[in-house]
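Novice: Start from chain A and add chain P according to the hints.
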Amino acid sequence: MRKIFILSLTFLFVLTLSPFTQADEIKIGACIYRFNDAFMLRFRNAMSAESEKAGAKIEIADGQDDQTTQNDQIDAFIADGVNVLIVNPVDRMASQPIIDKAKAANIPVVFINREPTAEMLNSYEKAYYIGAKAEESGTQSGELIAEYFKAHPEADKNHDGKLQFILLKGQNGHQDMILRSKYSVEAIKAAGIEPVEIASAIANWDKLQAMNIMNAFAMAIGPENIEAVIANNDEMALGAVEALKNSDYNKGDKDFYIPVVGVDANASALEAMDKGEMLGTVLNDADNQGIAAVKLAVALASGGDVNAIGYDITDSKYIWIPYQKVTRGENK
Amino acid sequence: MAENNVSKSKKLFTVGGLIVLALGIILYFAKAPLGLNRKIYDLPTFLIIIGVCFALKGFMSKATAESELAQRKTFGEFLANNAILLAMLVLVVVICILQPRFMQIRVALDILTQSSTKLIMALGICFTLLIAGTDLSAGRMVGLASVISASMLQTATYANRFFPDLPQVQLWMPIVIAIVACMIFGALNGFLVAKYDMHPFIATLATQVIIYGACSLYFDMPPNNSQPIGGIRPDFAQIGQMRLLSGIYQGFPGISILIPIAVVICIVIWFILNKTVFGKNVYAIGGNREAAVVAGINVFRNIMGIFILASCLYGIAGVLEAARTAGATNNYGNGYELDAIAACVVGGVSLSGGIGKVGGIVMGVLIFTIIQYGLQFINVSPMWQQVIKGVIIAVAVAIDLTKYRRK
Numbered sequence: 001m002r003k004i005f006i007l008s009l010t011f012l013f014v015l016t017l018s019p020f021t022q023a024d025e026i027k028i029g030a031c032i033y034r035f036n037d038a039f040m041l042r043f044r045n046a047m048s049a050e051s052e053k054a055g056a057k058i059e060i061a062d063g064q065d066d067q068t069t070q071n072d073q074i075d076a077f078i079a080d081g082v083n084v085l086i087v088n089p090v091d092r093m094a095s096q097p098i099i100d101k102a103k104a105a106n107i108p109v110v111f112i113n114r115e116p117t118a119e120m121l122n123s124y125e126k127a128y129y130i131g132a133k134a135e136e137s138g139t140q141s142g143e144l145i146a147e148y149f150k151a152h153p154e155a156d157k158n159h160d161g162k163l164q165f166i167l168l169k170g171q172n173g174h175q176d177m178i179l180r181s182k183y184s185v186e187a188i189k190a191a192g193i194e195p196v197e198i199a200s201a202i203a204n205w206d207k208l209q210a211m212n213i214m215n216a217f218a219m220a221i222g223p224e225n226i227e228a229v230i231a232n233n234d235e236m237a238l239g240a241v242e243a244l245k246n247s248d249y250n251k252g253d254k255d256f257y258i259p260v261v262g263v264d265a266n267a268s269a270l271e272a273m274d275k276g277e278m279l280g281t282v283l284n285d286a287d288n289q290g291i292a293a294v295k296l297a298v299a300l301a302s303g304g305d306v307n308a309i310g311y312d313i314t315d316s317k318y319i320w321i322p323y324q325k326v327t328r329g330e331n332k
Numbered sequence: 001m002a003e004n005n006v007s008k009s010k011k012l013f014t015v016g017g018l019i020v021l022a023l024g025i026i027l028y029f030a031k032a033p034l035g036l037n038r039k040i041y042d043l044p045t046f047l048i049i050i051g052v053c054f055a056l057k058g059f060m061s062k063a064t065a066e067s068e069l070a071q072r073k074t075f076g077e078f079l080a081n082n083a084i085l086l087a088m089l090v091l092v093v094v095i096c097i098l099q100p101r102f103m104q105i106r107v108a109l110d111i112l113t114q115s116s117t118k119l120i121m122a123l124g125i126c127f128t129l130l131i132a133g134t135d136l137s138a139g140r141m142v143g144l145a146s147v148i149s150a151s152m153l154q155t156a157t158y159a160n161r162f163f164p165d166l167p168q169v170q171l172w173m174p175i176v177i178a179i180v181a182c183m184i185f186g187a188l189n190g191f192l193v194a195k196y197d198m199h200p201f202i203a204t205l206a207t208q209v210i211i212y213g214a215c216s217l218y219f220d221m222p223p224n225n226s227q228p229i230g231g232i233r234p235d236f237a238q239i240g241q242m243r244l245l246s247g248i249y250q251g252f253p254g255i256s257i258l259i260p261i262a263v264v265i266c267i268v269i270w271f272i273l274n275k276t277v278f279g280k281n282v283y284a285i286g287g288n289r290e291a292a293v294v295a296g297i298n299v300f301r302n303i304m305g306i307f308i309l310a311s312c313l314y315g316i317a318g319v320l321e322a323a324r325t326a327g328a329t330n331n332y333g334n335g336y337e338l339d340a341i342a343a344c345v346v347g348g349v350s351l352s353g354g355i356g357k358v359g360g361i362v363m364g365v366l367i368f369t370i371i372q373y374g375l376q377f378i379n380v381s382p383m384w385q386q387v388i389k390g391v392i393i394a395v396a397v398a399i400d401l402t403k404y405r406r407k
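Chains A and P, in that order, are what the protein sequence lines are.
Last residue of the first sequence: 332 (this note's numbering), numbering continuous.
Last residue of the second sequence: 407 (this note's numbering), numbering continuous.
With the rest of the complex left out, here is chain A (with noise of 0.2 Å):
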């Protein structure tokens, strides 16, 4: 009986409100594939910060890791009749159930992070996605390293006019592993400068075996020999710092140092550039992805000119937002 009266009371209460949000206002229905998730905490705070001052309404759920709990908050915000869909899925190739829903009620649906194939995104015109080029932070990186050897005419220690460098990669067979690797080498010849890979080793992401890895090429090329480390992600540059100081390079002493960058902008990496032990790092730009992707879903849902967004689209379907490189001090 109580049950029952606290249900018709909620009910009551549901119906009450809800004049107020019929107004006119846009609501946003946001899926996050897990809140706990530091790249995604940056995103959602861009884009509640972002529907802010859009005025729009966004909700935003917490699909735990769970392809089934997201696919039925989906539903949830269907039935509850938001204007457009913002899904960062959880897994990207189950995306077409998610682009099915939101045909069937004619919804646009704006994909973020975790790109769905480009058939999926073919099959419905109001479907978009929003990211960040994987390729382009392994350019970057490479170009962090091309411009501080064009700065500093004394990194060419051996004055070959070569870059010497030294790679460290991340899992065997990792798609970021294999793109950064490339790419970021690709960037230095772009530049015009010939790189030398003098040495390469596959450290896993971790900052203990680059550190153990690093050491041992410190000491077999001789840290005067090199000119480089490119390293996958900041864990790893920073475990490569850490071996150059123990062979006494980037402790601050100009003549002795060998330029370091990551991938990930993440906070040790920062202070390691503070201390200028690390000349930089890429950043994926979730801000921006954040910002891009509640500013599309807005003109999707107000029917305006998507193309009046400030942001390019490709083939009608992508927004690319770049990384962003980020050095710090004396390196800038």
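Note that these hints are calculated values from the structure, not bench results.
A portion of the hints provided could be inaccurate.
To be verified - In the EDC-like style, the derived pairs of lysine to aspartate or glutamate whose C-alpha atoms are separated by at most 20 Å in a straight line are:
hint, chain 1, residue 1, chain 2, residue 2
1, P, LYS195, P, GLU290
2, A, LYS126, A, ASP315
3, P, LYS280, P, GLU290
4, A, LYS251, P, ASP235
5, A, LYS27, A, ASP65
6, P, LYS39, A, GLU224
7, P, LYS403, P, GLU77
8, A, LYS245, P, GLU290
9, A, LYS189, A, GLU135
10, A, LYS150, A, GLU119
11, A, LYS275, P, ASP235
12, A, LYS27, A, ASP305
Specialist: Frame of chain A, contents of chain P only:
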């Protein structure tokens, strides 16, 4: 005849040692004038050290009846028994030729530094091997200890602190907490094995999974959210990075503090295994469990003791790894248990229990580290490194088993 043999080998060691010593001294003074500095690096110093060791060994060796017997081995047997050691020596020579920089004092010190934490792990895991068990949770305990200690020892100004409001605590506190956390899981291992007679393989497998899960949960707590832990306090980093005696002469890199730490732990473990009742019980339980029970040994208590002591050593290793790298993630220590078991086995610890010496374990760890470091040094592909490591383990155990069969 036998006596003759002994004095012969004694002479061989003494004379050989002195020759190497003399060669070392000559090279030491000749290398600068001959312009060999960049070609042989610290080779003379190594020759002097090796020469002195051999000469002393020859000089000190006692002519007892046992050593007479030991000397009476054919050359082939000698080769077979020391195959791994000889293979390592060949490898070292090859590396030195390919990359003369290998002959530097700082390389040797670096190898010892990298061996230190591995040795501590191996000394812990050897207890579980001595009772014919194993410990699969060792690596994950390293991760747990490194994450716990690092999480509480960050600088106040670091942007991404694990506990934003935590004051700067005394250095020893987080270290003790980290090691105690490991010991609790060690006690769980011991309890499962001793109380339910569970096979250590299964018991520690279960614990391994639990530890990794628990550690990941801790690591994932907001505001950290699985970010690698950084911003380590300098006083904590010093525990793993401090270098003693650096600069006593031009270019001497200093001895990493990890080396004396490992030596002290080594001595303590040697003492426990050889001079205490507990140590004798470990061998007794490993040799013949039923006999140990009949002899009135409290198996439950001893097994608990073994796993708790082992986990204490993993905890120490984890704290040192965090300090050495000035950071931690929940993935630290992944797979360390297998390296440690392999080093023990190469060092002559029997997986069927009851057999194993501290000296052998030290050798095993050193052989492994030298080979791994050396292969990295000449930039051998990591896939090949794996293959070589596997072959070493198989060959070492095969030799060991044939040795026992012959006896």
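Novice: Please go over all the hints and tell whether each is borne out by the structure.
Specialist: Cross-check of the supplied hints:
1. A hinted pair counts as satisfied when its Cα atoms are at most 20 Å apart, and P:LYS195 with P:GLU290 qualifies at roughly 16 Å.
2. For the proposed pair A:LYS126 and A:ASP315, the alpha carbon gap of about 13 Å is at most 20 Å, so the pair holds.
3. Restraint check: the Cα-Cα separation between P:LYS280 and P:GLU290 comes to about 15 Å, which is no more than 20 Å; the hinted pair holds.
4. Taken as a hint, the A:LYS251 and P:ASP235 pair is honoured in the structure, with Cα atoms around 17 Å apart against an allowance of 20 Å.
5. Pair hint A:LYS27 plus A:ASP65 does not hold up; C-alpha atoms about 24 Å apart against a cutoff of 20 Å.
6. For the given pair, P:LYS39 sits about 17 Å from A:GLU224 by alpha-carbon distance, which is consistent with the 20 Å threshold.
7. Restraint check for P:LYS403 and P:GLU77: the C-alpha separation of about 10 Å stays at or below 20 Å, so the hint holds.
8. Simply put, A:LYS245 and P:GLU290 have alpha-carbon atoms about 54 Å apart, too far for the 20 Å limit, and the pair is violated.
9. For the hint linking A:LYS189 to A:GLU135, the alpha-carbon distance of about 15 Å falls within 20 Å, and the restraint holds.
10. About 43 Å separates the Cα atoms of A:LYS150 and A:GLU119, which puts this hinted pair outside 20 Å; it is violated.
11. Of the supplied pair hints, the one linking A:LYS275 and P:ASP235 holds, its CA atoms being roughly 17 Å apart against a limit of 20 Å.
12. Annotation: proposed proximity of A:LYS27 to A:ASP305 holds, straight-line Cα distance about 18 Å (limit 20 Å).
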